[in-house]
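Protein chains: 2
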Amino acid sequence: MHRVVVVGGGFGGLQAAKHLKDAPVAVTLVDRRNFHLFQPLVYQVATGSLSPAEIAAPLRAMFKGQDNVDVVLGEVRDVDLAAREVTVATDLEDHEQLRLPYDTLIAAGGSSYSYFGHEDWKRFAPEIKSLESALMVRRRILLAFEDADLEPHPEHRAPLLTFVIVGAGPTGVEMAGQIAEIARDTLPGDYRRIDPTQGRILLVETADRVLPGFPASLSAKAEQALRALGVTPLTGHAVTAIDADGVTVQAQGAQAESIAARTVIWAAGVTASTLAGKLAAAAGVETDRAGRVPVGADLTLPGHPEVFALGDMVVVDGKTLPGLAPVAMQEGRYAARAVRERLQGRTPRPFRYVDKGNLATIGRRRAVGDLKGVHLSGLPAWLTWLTVHLFYLVGFQNRLLVFIRWVVSFVTRGRGARLITYED
Amino acid sequence: MHRVVVVGGGFGGLQAAKHLKDAPVAVTLVDRRNFHLFQPLVYQVATGSLSPAEIAAPLRAMFKGQDNVDVVLGEVRDVDLAAREVTVATDLEDHEQLRLPYDTLIAAGGSSYSYFGHEDWKRFAPEIKSLESALMVRRRILLAFEDADLEPHPEHRAPLLTFVIVGAGPTGVEMAGQIAEIARDTLPGDYRRIDPTQGRILLVETADRVLPGFPASLSAKAEQALRALGVTPLTGHAVTAIDADGVTVQAQGAQAESIAARTVIWAAGVTASTLAGKLAAAAGVETDRAGRVPVGADLTLPGHPEVFALGDMVVVDGKTLPGLAPVAMQEGRYAARAVRERLQGRTPRPFRYVDKGNLATIGRRRAVGDLKGVHLSGLPAWLTWLTVHLFYLVGFQNRLLVFIRWVVSFVTRGRGARLITYED
Chain A
194 MHRVVVVGGG FGGLQAAKHL KDAPVAVTLV DRRNFHLFQP LVYQVATGSL
244 SPAEIAAPLR AMFKGQDNVD VVLGEVRDVD LAAREVTVAT DLEDHEQLRL
294 PYDTLIAAGG SSYSYFGHED WKRFAPEIKS LESALMVRRR ILLAFEDADL
344 EPHPEHRAPL LTFVIVGAGP TGVEMAGQIA EIARDTLPGD YRRIDPTQGR
394 ILLVETADRV LPGFPASLSA KAEQALRALG VTPLTGHAVT AIDADGVTVQ
444 AQGAQAESIA ARTVIWAAGV TASTLAGKLA AAAGVETDRA GRVPVGADLT
494 LPGHPEVFAL GDMVVVDGKT LPGLAPVAMQ EGRYAARAVR ERLQGRTPRP
544 FRYVDKGNLA TIGRRRAVGD LKGVHLSGLP AWLTWLTVHL FYLVGFQNRL
594 LVFIRWVVSF VTRGRGARLI TYED
Chain B
194 MHRVVVVGGG FGGLQAAKHL KDAPVAVTLV DRRNFHLFQP LVYQVATGSL
244 SPAEIAAPLR AMFKGQDNVD VVLGEVRDVD LAAREVTVAT DLEDHEQLRL
294 PYDTLIAAGG SSYSYFGHED WKRFAPEIKS LESALMVRRR ILLAFEDADL
344 EPHPEHRAPL LTFVIVGAGP TGVEMAGQIA EIARDTLPGD YRRIDPTQGR
394 ILLVETADRV LPGFPASLSA KAEQALRALG VTPLTGHAVT AIDADGVTVQ
444 AQGAQAESIA ARTVIWAAGV TASTLAGKLA AAAGVETDRA GRVPVGADLT
494 LPGHPEVFAL GDMVVVDGKT LPGLAPVAMQ EGRYAARAVR ERLQGRTPRP
544 FRYVDKGNLA TIGRRRAVGD LKGVHLSGLP AWLTWLTVHL FYLVGFQNRL
594 LVFIRWVVSF VTRGRGARLI TYED
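So the sequences go chain by chain: A and B. Okay, so the first sequence: first residue is 194 according to my numbering, each after it adds one. Okay, so the second sequence: first residue is 194 according to my numbering, each after it adds one.
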């Protein structure tokens with residue numbers, strides 16, 4: 194039996210494994226976590242709208258009915274391209290490593306946030322990528338309001354009610370919009386000593402406009418929507434320092450400016466999974482600045498047609514595709530089809546990305562969308578965003594639960610998952 | 194304005210604060226957490242059926258519309274009965290303490306699990322009381338199956354698939370039943386190398402029957418239901434040691450027996466909140482063996498009619514009432530009514546507990562109930578349990594979400610919140 198090892202249970206790896214159903218292959222799906230995480234909604238966990246399990250689906254449950262998939266919980270330590278073997282570190286007590294031989298490897302390790310060499314900033318400015326970091330951010334945001342309410346010295350309150358989001362890509366814009374809605378819609382009436390609407394929400398972006406990946410007219414619409422919500426976009430500003438007291442920003446040619454803020458959230462810069470670096474080193478190729486490994490038009494590693502790599506850890510045929518779920522999903526399905534075709538003696542055609550568009554939401558009834566050149570904003574964009582995200586969310590139960598949470602939030606302006614939880 | 198400080202946002206404190214609505218008092222509700230936790234369902238978080246936010250309700254959201262309640266996030270450090278002042282440690286950066294003067298104090302600190310002087314056991318045998326400990330238990334249970342599946346040496350698998358629950362009160366019985374259902378119903382088909390139904394689930398209890406707080410005939414029914422699910426009750430057995438390798442149990446007059454088990458869960462023994470000890474020391478009275486403070490028939494501290502204490506941290510008029518939500522809720526409402534009556538110059542009548550009954554669930558369609566002498570078991574008891582728990586769960590949204598999760602779990606035998614998450 195042809196052995197396929199899929200590394201990563203994100204959007205790409207999941208599609209690859211699913212589309213190998215009924216193929217004459219034995220699939221091993223390796224992931225560090227026992228669940229698939231619906232990344233595009235993690236920010237809603239960070240802002241207390243959704244509960245973790247509502248945007249995660251257990252991998253084993255998904256592959257219960259697909260007998261040719263074996264799920265392995267562990268972290269890839271090494272890829273031996275010559276021996277065609279992946280080494281996986283497990284949770285076992287003696288830390289025994291597992292060796293998984295493969296005939297085809299599909300590597301989909303994803304990416305993580307990059308602090309541009311300032312790893313010390315991470316402590317003060319957490320990112321929102323994993324469920325754990327989302328829960329930490331949720332705790333920080335909610336505690337900032339609690340502490341402001343308790344703070345006996347009014348002059349110390351302002352930094353507690355100042356929120357800085359670094360990076361105005363879709364995640365940064367969504368976070369800024371959500372924090373504004375918490376302050377404006379959810380919390381008023383909750384406190385007796387502070388007025389949450391007095392909070393300052395700053396969105397810092399190096400580029401000269403928010404959502405730099407979108408057409409300029411939509412960036413303008415988004416900025417307008419952010420301002421209407423009470424968010425102050427600081428475009429054309431670079432962050433030069435972050436510490437416990439806040440951030441320092443600087444506009445080109447201007448003086449550096451300190452912003453006293455207790456809560457800083459990082460949503461800028463992405464770096465490819467270390468898996469990309471491992472593959473590049475093993476194949477003797479160079480990664481790009483963001484650590485991505487180059488693959489051919491058929492998504493395979495140079496010199497290694499048996500190794501597919503995909504998602505936001507690769508550069509496809511010299512082109513950097515957007516780090517979006519649809520890209521990874523299409524690539525995952527392509528890899529699965531390519532494996533099938535090869536087993537039938539056929540040569541797969543090159544991968545072609547079908548761009549279905551780009552959406553970003555800012556808040557209630559506020560979103561922008563660029564759908565194959567059709568520009569949407571306001572309510573139509575927001576409804577499209579809602580529909581698309583509900584549709585792609587994995588699991589009937591999760592769709593229903595998230596739908597209910599959204600309806601209740603919309604009607605009550607409340608947030609059902611406003612819990613401050615701690616790691617014990 | 195008459196100042197009421199309520200300590201604790203559990204069942205008792207919540208009812209007290211709610212029933213002071215529209216009373217001519219200023220209420221300050223102090224809790225370490227920003228949410229009310231529906232304790233009776235925490236075990237369902239520990240077993241992946243429910244997500245944390247579904248059984249928790251933010252305190253501020255609950256009191257948004259009740260202007261005379263101020264919620265304070267902090268931990269009570271000290272109660273000064275002479276000065277009528279509570280000192281609260283806050284999360285503020287300089288750890289500034291808050292002093293809350295009161296005219297009436299309502300203390301409802303609850304209880305925690307007691308390891309009977311073996312605090313070192315806690316590390317190996319976590320309890321299920323807080324959301325955090327429930328998530329840790331969930332991780333341990335799910336990882337045990339994952340590790341068993343990965344374990345290359347079959348002879349090492351048995352301890353990984355052995356689960357020991359210490360204490361066969363309602364929580365222990367519920368946990369044992371849930372783990373049995375995970376192994377029997379949820380997981381089969383999920384693993385390629387192990388058969389989860391081969392797991393051993395042992396329920397250790399010092400008394401001679403499970404659910405010792407229930408009538409003997411219902412204990413027998415519960416034991417029968419547990420055995421049908423594959424749980425082995427070890428009644429009449431005391432735990433004499435717990436370590437990383439498992440537990441040692443001993444029946445009276447018999448030899449001690451070692452059980453190799455990776456997962457041990459503690460559901461035995463309860464000790465009152467340290468608040469009870471603080472009040473007892475301040476009032477010059479003795480606590481009982483479980484640390485409970487004695488209060489009079491009107492729930493007030495001896496010599497301090499302005500201090501009510503209630504819930505499972507008190508002994509009422511020499512009687513230890515069961516540590517159940519309805520007891521605390523009735524006591525909380527009583528305290529609120531007593532405060533109102535006194536302000537009107539009336540003398541409150543003594544507190545009288547109305548015993549509405551006792552329910553424990555074992556699994557799908559399996560439960561027992563003792564409702565004012567009417568004994569229920571099987572499907573009727575189970576439906577009663579479901580209805581009562583949904584009814585008392587706080588928040589319309591939570592009720593709806595939990596209802597949906599339960600229906601989906603019942604139909605699919607799946608568990609929507611089977612996530613292994615870590616503290617970062």
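Because the hints were derived from the structure by calculation, they are not lab data. A few of these clues could be false.
[Stated by the list, open to error] Over 10 Å on every C-beta distance to chain A, these chain B residues come out as not near it, computed from the model: (1) 249; (2) 283; (3) 311; (4) 481; (5) 534; (6) 588.
[Said to hold, decoys possible] Reference listing, derived: stretches of chain A covered by chain B, where coverage requires no fewer than 3 residues with Cβ under 8 Å from a Cβ of chain B: (7) 262-270; (8) 333-340; (9) 591-603.
Ideal Cβ positions, reconstructed from N, Cα and C, are used throughout, including at glycine.
Indices of hints not satisfied (ascending): As far as the earlier hints go, 1, 2, 6 are violated by this structure, in ascending order.
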